[in-house]
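Next come the chains, spelled out residue by residue.
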Amino acid sequence: MTSNNTSKLAQLVAEQEGAIVREWMRSLQAAGALQSGRMKEAELQTQCRNFLDLLRTALAQAGAETQAAAYEPLRHMLGEIARSRAIQGFSPSETATFVFSLKQVLFGFLNAAPNVDAATLANLTWQITVLIDALGLHTVELFQKSREAIIIRQQREISELSTPVVKLWDGIIAVPLIGTLDSERTQVVMENLLQTIVDQTASFAIIDITGVPTVDTLTAQHLLKTVAAARLMGADCIISGIRPQIAQTMVHLGVELNVISKATLADAFALALKRLNLGVVKVRIQAVASDNRLLG
Amino acid sequence: MPASAEPAVELLELQSSDHVVQVRHRVRTRAVELGLSLVDQTKIVTAASELARNTIDYGGGGTLSIFLISDGTRRGIRLTFEDRGPGISDIDLALKDGYSTGGGLGLGLSGSKRLCNEFSIESRLGLGTRVTIARWK
Amino acid sequence: MDRIPILKLGNALLVTIQVDMHDRLATALEEDLTHKIVAHGSRGVLIDISSLEIVDSFIGRMLDNIAAVSRILDARTVVVGMRPAVAITLVELGLTLAGVQTALNVERGMALIHTDDSVAEIDDDDAGER
Chain A
1 MTSNNTSKLA QLVAEQEGAI VREWMRSLQA AGALQSGRMK EAELQTQCRN FLDLLRTALA
61 QAGAETQAAA YEPLRHMLGE IARSRAIQGF SPSETATFVF SLKQVLFGFL NAAPNVDAAT
121 LANLTWQITV LIDALGLHTV ELFQKSREAI IIRQQREISE LSTPVVKLWD GIIAVPLIGT
181 LDSERTQVVM ENLLQTIVDQ TASFAIIDIT GVPTVDTLTA QHLLKTVAAA RLMGADCIIS
241 GIRPQIAQTM VHLGVELNVI SKATLADAFA LALKRLNLGV VKVRIQAVAS DNRLLG
Chain B
297 MPASAEPAVE LLELQSSDHV VQVRHRVRTR AVELGLSLVD QTKIVTAASE LARNTIDYGG
357 GGTLSIFLIS DGTRRGIRLT FEDRGPGISD IDLALKDGYS TGGGLGLGLS GSKRLCNEFS
417 IESRLGLGTR VTIARWK
Chain C
434 MDRIPILKLG NALLVTIQVD MHDRLATALE EDLTHKIVAH GSRGVLIDIS SLEIVDSFIG
494 RMLDNIAAVS RILDARTVVV GMRPAVAITL VELGLTLAGV QTALNVERGM ALIHTDDSVA
554 EIDDDDAGER
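Heads up: the sequence lines are chains A, B and C, in that order.
In terms of our numbering, the first sequence opens at residue 1 and continues consecutively.
In terms of our numbering, the second sequence opens at residue 297 and continues consecutively.
In terms of our numbering, the third sequence opens at residue 434 and continues consecutively.
Because the hints were derived from the structure by calculation, they are not lab data.
Hints are supplied without guarantee of correctness; some may be wrong.
Okay, derived cross-link-like pairs now, DSS-like style, lysine-lysine, Cα gap no bigger than 25 Å in a straight line [stated by the list, open to error]:
| id | chain 1 | residue 1 | chain 2 | residue 2 |
| --- | --- | --- | --- | --- |
| 1 | A | 225 | B | 392 |
| 2 | A | 167 | A | 282 |
| 3 | A | 40 | A | 103 |
| 4 | A | 225 | A | 167 |
| 5 | A | 262 | A | 274 |
| 6 | B | 392 | B | 409 |
| 7 | A | 225 | A | 262 |
| 8 | B | 433 | A | 145 |
| 9 | A | 225 | B | 433 |
| 10 | B | 433 | B | 409 |
| 11 | C | 441 | C | 469 |
| 12 | A | 225 | B | 409 |
Fair warning: this is a prediction, and the values are worked out from it, not measured in the lab.
Based on the provided sequences and hints, a complete structural model is requested.
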């Protein structure tokens, strides 16, 4: 991997850039890159041109060392492409093809170049392979990371939608939890609950876990942290709906639930009312003299 | 995971109580720039406040270096608190919850650890202490 | 040197913390409160922290100190207006503020201070009590 050779590569790219872009575009179109219509031809062409520009500069400065600082702009550009492709819904293959298809194109131009002996040809072919492979893998990896980030964000949004905090009465709010509680989700719930306590000036927050199938140590800890935070702010929590299995699990795990717990949400509500010196009374309904004129 | 760190974007002196206030403002500004959620902002600023106080109260004063970090997809912030103080003889003990009752050195360290994504501490008796924390977006 | 203003609110004292506290300010506040509790025979101290975006162990200690001194002087300390982000962080930090009562706002805080005057509840888990 002599610098002489990579500078030859840089030279090749510099001299033939226009033609390389055209050939690359042709190859991408043949592979169906523009088929889905998610991307316009002009946009793709710009990406190809930018890539080659940055590659040319990087080659001239750092040869085929893709980890070198000179490659940072190119790596960054690929990161942007990977991110936008992930958001737009392209597949990993489609995204990777963008980079990998350049290999064949470069081979073609290399073969057609004059004054290149067999040894140099073999050497350059190998360098192109290593170079494009590294860049392609980099792109795919960033694509994957972007996808993961999107999924996490969507999970958070689902969490927020599926755990509404409701007002039961003045000063009494409740959050009925449904489904499994993972770390991310519990955090969302916690923040929502505490903010609602402030907004509603709630004295009592009832956390109902009837709809939660299992509670492991981590989840229990999250719940306890929520309760502790609410207490620190000046509100009290009541946990309701603990199933027998969950109660057993918690005892076995050694989790101490340092909070009032009631069997059902109704019981918890009744307790909260009592604490606020409120009660529910039966009202006698007065018979109203019927007046047909008032009705439709 | 190797994180590419650019040179420190800020270097703050830690000598007096007023500097702790400054630390909170600067870290808050960086956290907001990074786009951290309100809770995450609060956590890193509180941790910074704790560690800055430790540096001043127990380390005889020192410095805080703020770094903006990235690992390819994520961006984050790293804070390094350094002093040339007496050092901590037993780090494990210092990291135990409730050590030094009254919320002294121990609470600051173990508590700060829980508030951050990354936490590391190096200390040598007679040479000084370095605490590094990081929060990723 | 700036000192934090202390207002008289009925038979209680109200302190609103709005600035970043440094050592001298905290010490001055503790001193001022001690004097005023005695001077006015106050039954309670309300510390409004609704403006505080950060509460660290230093502030925590200050609040604990104020509560301890007040208790000796037969006054109740109630910290009001803690923000959710602060509460979450304090729990993670391990700061329990065990010696301090809390309430959501000044009105609720005043009610806590006057609970002594009404019939006391005997249950362990009173709202806001620790």
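*Quick one, are residue 225(A) and residue 262(A) close enough, alpha carbons at most 25 Å?*
19 Å, holds
*Please work out if residue 433(B) and residue 409(B) have their alpha carbons no farther apart than 25 Å.*
17 Å, holds
*asked:* Hint check: residue 392(B) vs residue 409(B), CA-CA at most 25 Å. Holds or violated?
replied: The hint holds at about 11 Å.
*Holds or violated: residue 433(B) with residue 145(A), Cα cutoff 25 Å?*
14 Å, holds
*asked:* Holds or violated: residue 441(C) and residue 469(C), Cα atoms, limit 25 Å.
replied: This hinted pair holds, its Cα atoms lying about 9 Å apart.
*Agreement of residue 225(A) and residue 433(B) with the hint, judged by alpha carbon distance not exceeding 25 Å*: Holds. Residue 225(A) to residue 433(B) sits at ~22 Å (cutoff 25 Å).
*Restraint check for residue 225(A) with residue 392(B), where alpha carbons must lie at most 25 Å apart*: 19 Å, holds
_Restraint check for residue 225(A) with residue 409(B), where alpha carbons must lie at most 25 Å apart_ = Roughly 16 Å separates the two Cα atoms, so the pair holds.
*Are residue 262(A) and residue 274(A) close enough, with their CA atoms no more than 25 Å apart?*
14 Å, holds
_Hint consistency between residue 40(A) and residue 103(A) [alpha-carbon to alpha-carbon, up to 25 Å]_ = 23 Å, holds
*asked:* Next pair to validate is residue 225(A) with residue 167(A); report whether the Cα-Cα distance is within 25 Å.
replied: It holds: about 22 Å lies between the C-alpha atoms, which stays within 25 Å.
_Tell me if the straight-line CA distance from residue 167(A) to residue 282(A) falls inside 25 Å._
Distance ~22 Å between residue 167(A) and residue 282(A) Cα, so the pair holds.
Checked against the numbered hints given earlier, the structure satisfies every one of them.
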